[in-house]
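J.: Here's the letter readout for the chains.
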Amino acid sequence: MRWLFENARQPTLAVKLLNVNWMLVLLLATIAGVGFAMLYSAANGNWQPWAARQVLRFAVAVVVMLAVALVDIRFWLRSAYVFYAVTMVLLIAVEVRGAIGMGAQRWIDLGLIQLQPSEFMKIALILVLARYFNALPPEDIRRPVKLLVPALFVFVPAILVLKQPDLGTALMLVIGGAAMFFLAGVRLWKFALIIAAAGAVIPFAWTHLRDYQRNRIYTFLDPESDPLGAGYHSLQSKIAVGSGGVFGKGFLSGTQSHLSFLPERQTDFIFTILAEEFGLIGGLALLALYGLVFIYGYAIAFRSRSHFGRLLAFGITTNMFLYVFINMAMVIGLIPVVGVPLPLISYGGTAMLTVMFGFGLLMSVYVHRDIRIGRHGDTEQ
Amino acid sequence: MKRESNRSKLLSRRAMLLAGGKVGLLAALAGRLYYLQVVRGGRFAMLADENRINIRLLAPPRGHIVDRFGVPLAVNRPTYRAVLVAEQAGDIPSTLDAVATLVPLTEADRRRVARDLRNKHSFVPIAIREDMTWDEMTRVEVNTLDLPGVSIEQGLIRHYPFGEETSHIVGYVASVSEKELDSDDPLVELPDFRIGKSGVEKQYDLELRGTGGTSEVEVNAFGRIVRELAHEDGLAGQEIVLTIDMALQDFATRRCAAEGSSSAVVLDSWTGEVLALASSPGYDPDAFASGLTPAHWKDLIENPYNPLTNKAIAGTYAPGSTFKPMMAMAGLEAGVLTPETEFFCPGYFQLGNSIFHCWKKEGHGTLAVRRAIKESCDVFFYHTADLLGIDRMAQMANRFGLGVKLGIDIPGEKTGLIPTRAWKLATTGVSWQRGETISCGIGQSFVSVTPLQLATYAARLATARAVLPQIARSQGVMMPADTVATAVKSEFEVLGVQQKHLDLVRDGMYGVVNEPHGTAYGARITDAAMTMGGKTGTAQVHHISEAEREHGHLTGIRVPWQQRDHALFIAFAPVSAPRYVCAVVVEHGGTIGGEGGAVAAPIASDLLIEAQKRDPARRVPPVPFGGTTLAKG
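Chains A and B supply the protein sequences, listed in that same order. Okay, so the first sequence: first residue is 36 according to the numbering used here, each after it adds one. Okay, so the second sequence: first residue is 16 according to the numbering used here, each after it adds one.
Among the hints, erroneous ones may be present.
To be verified - In silico contact screen, one side only, chain B against chain A (beta carbon under 7 Å); selected entries:
id: 1; residue: Lys37
id: 2; residue: Arg47
id: 3; residue: Leu48
id: 4; residue: Leu51
id: 5; residue: Gln52
id: 6; residue: Val53
id: 7; residue: Val54
id: 8; residue: Arg55
id: 9; residue: Gly56
id: 10; residue: Phe59
id: 11; residue: Ala60
id: 12; residue: Ala63
None of these hints come from the bench; they were simulated from the model. Where a beta carbon is used, it is the ideal one built from N, C-alpha and C, also for glycine.
Please work from the sequences and hints to get the whole structure.
T.: Printed below as a string of structure tokens:
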């Protein structure tokens, strides 16, 4: 098949479709399928109200993902700043007039769907940083002045999101951004400096945290001290996960999740249903599926011939990893409850769309892996 | 191109470093899962079950207490309370206002509702008004359509139809105290549970209580019941049938109440069954079941008539002259007296330098035992006591049930005291004085007994057997119907005294009531079939000094109440075949400050007439009413 595009600058649509990494699509569909089953179980064995809508969303999201994958990667490079700017405007709009839900302003109600710009920002940030570092000459990476602008790319939305307040997303933006800096080759001592500076700011920041955020940190340290109050989520999810044992209680037979002991069981805490009903085996199997996705992400990055493509692929993969790690770690009590969905499994439209958009970009890197890209999006030979 | 390739290598290196970190974090997740699900899996599985299954205890209905004919003395009255389920109510303040137009709501009620609303889940019923009357309940009930979320809950509360009249027998129930929580029975931990605190309620608490049922329910995180997994019905408490005849009890309490602080016991001496046991004043046992107010409690404990003390079993009194028939028996049995033995009564008895007076200043002249009992001569029994010595007196007194625990089946029975040489040496360290024997001979000095002991003593005089009193029929075992005793119960031990001596003493007691100069002649029963024999007693409360005696001491109502003598009387009837016995003690001579013959004997007389009129031997037992079947709520 190689002859088909050996000399072709612009492969045909059909060729691109053939080039899409269908194994990855299958993997993603498998994970989403696990999600449907969990939502079906969360509703006590009903397609309503969650599972059916989630299937529909996934179907739409797959189309979006393929569309993103087929669009020329240079288009994404060129439109990175626009994409970032639009998301930023939406984020500010949330600050100005946002629907109030769960005690935090996170959505713009567009009628059909409730848009969560902070979710999109996770992708927009990766995109804009990939473009910025792609354009930066290697010697400039040593100049702190050149790092000021990308630092602003990270911290401005992070602070806005923190004000919403959404600790989980802010955390993902900062860590995801830091990972991009790291990949771009920023010297390690600079990270150490930033971390030291942040450490100095912590006491000040502490006073600006909301009560519920502070309580979450307090009760994270000792959740059993207040089992019916602030430590409730943490303890109940641990009970649900722990009581699953090695083999689990069986599909639809989880007692904790079905008896409403688990709050938010269809969104952030959906992993507890899996862990309770399918036990350690089920939990590790899901981890393995995600692990395969990350390996694919890395493979795609290494196969890419462009710096932009690699930065983007590593960035997207790292971002997906952060979703998975932060969600699972909070559900099983390794870190405080911060509110990050489990990609492809948690119920929620924006998260699904964002994640699939991200995988679309990853696939676009794969489809256009052999295109060499210059510093400013121009094709190099 | 070299620059580009360096950049590419750097990126790859950094990406691999990052990947290493990710693998480490994923391993941490896997490790944590292993820890939670395998290492601590058992504990979390247990916690999950505790989360889910809730065992609720169901209180069984407490057994009823009925009299010998089935008249209910303690029952469970339905109690109604209005409850509010917040999640079903719309605007709670306006709902409360609407309820307040139907039944009065106090400010405290509203505060309690407000507090419960804050602290309880919105599906938990909150009590608005407790213990509503039937009228109040129906007023709320018919309006529930306009009162969203308001409903009526029915519970059970202990009720004593005869209130004060049976308070000292039946006792009362009240909330479980801290100390009683130690019990093995989980029922006591129920917030509304009531436990027997005195009387039959306490004595037969376990039988009355029944066995708790359980309801195993699955609950969700908010405690809302999802479904019932298992249900086990409890066992209703047993019904306790008492030996009491409520009609007689009613009569006895009203008769005693007229004399202030007093008590009376009527026994069927053939069976030991207590037909009536009155202690006046009583208290309102219903008030304990629903919770006493501090003011009510203060009234009860400060009342000089001690309404909380069951004087019939826990009041100890010097028996006074009622002691004399026993003294005569002791003397005759010991051989220090014969029916013909005579002593001269000059009105006093001298022992060394001490003078012991007879109640009759001018003396009784020469007299033998029969007239000594009939006219209650003190000097005759001073001689008898001196001849017997205290230990022989005590032995006979104990044989007649005086100064010993009788084991009646209600708590709080006192022993009283019949002194002996050994007792005095042990308690005071001083040896017994001969003069003390003399005072004890007429039931004064250290001697003290309870009214129940006096009645038992009379029963033993009547039957020559060691009768023991009991309040519940067959110790808590149900009897199908009222069985009528036709002879003295053979399980009572024979006293082992000579019948001729007993006949002589009973004849003397006949004289007390039925012959002129007898100390209770005024209280005689004129119906020949019901004639009673008895013995008066007047127990000195205040020691009369020589000075008072010389200047003529005050008597009757001219003395302060607390210093007046107690009036006592023991009796049996009918004289031809003694069966019913009675003991009456009127503290400080009652309202007229009179002596035994004047105050106590008329009560005993009335009680024995009433008891004989109601003689079950001559009476077909009525069809039981009020439920001799097991109480069901």
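J.: Now, for every hint given, state plainly whether the structure supports it.
T.: Results for each hint:
1. For lysine 37(B), the interface hint holds, since its Cβ comes within 7 Å of a Cβ in chain A; the closest pair sits about 5 Å apart.
2. Taken as an interface hint, arginine 47(B) checks out: its beta carbon lies about 5 Å from the nearest beta carbon of chain A, inside 7 Å.
3. About 5 Å separates the beta-carbon of leucine 48(B) from the nearest beta-carbon of chain A, less than 7 Å, and the hint is met.
4. Residue-level restraint check for leucine 51(B) holds (minimum Cβ-Cβ distance to chain A is 4 Å; threshold 7 Å).
5. Interface hint status for glutamine 52(B): upheld, as the beta-carbon distance to the closest one in chain A is roughly 4 Å, under 7 Å.
6. Of the supplied interface hints, the one on valine 53(B) holds, with its beta-carbon coming within about 6 Å of a beta-carbon of chain A, less than 7 Å.
7. A cut of 7 Å between beta carbons decides the hint on valine 54(B): the least distance to chain A is about 9 Å, and the hint is violated.
8. The interface hint given for arginine 55(B) holds, since its Cβ lies 6 Å from the closest Cβ of chain A, which is under the 7 Å cut-off.
9. Annotation: interface hint on glycine 56(B) holds; nearest CB of chain A at approximately 4 Å, less than 7 Å.
10. Because the smallest distance between the Cβ of phenylalanine 59(B) and any Cβ of chain A comes to about 3 Å, under 7 Å, the interface hint for this residue holds.
11. Below 7 Å, beta-carbon pairs count as interface contacts, and alanine 60(B) has one with chain A at about 4 Å; its hint therefore holds.
12. For alanine 63(B), the interface hint holds, the least distance from its beta-carbon to any beta-carbon of chain A being 4 Å, beneath 7 Å.
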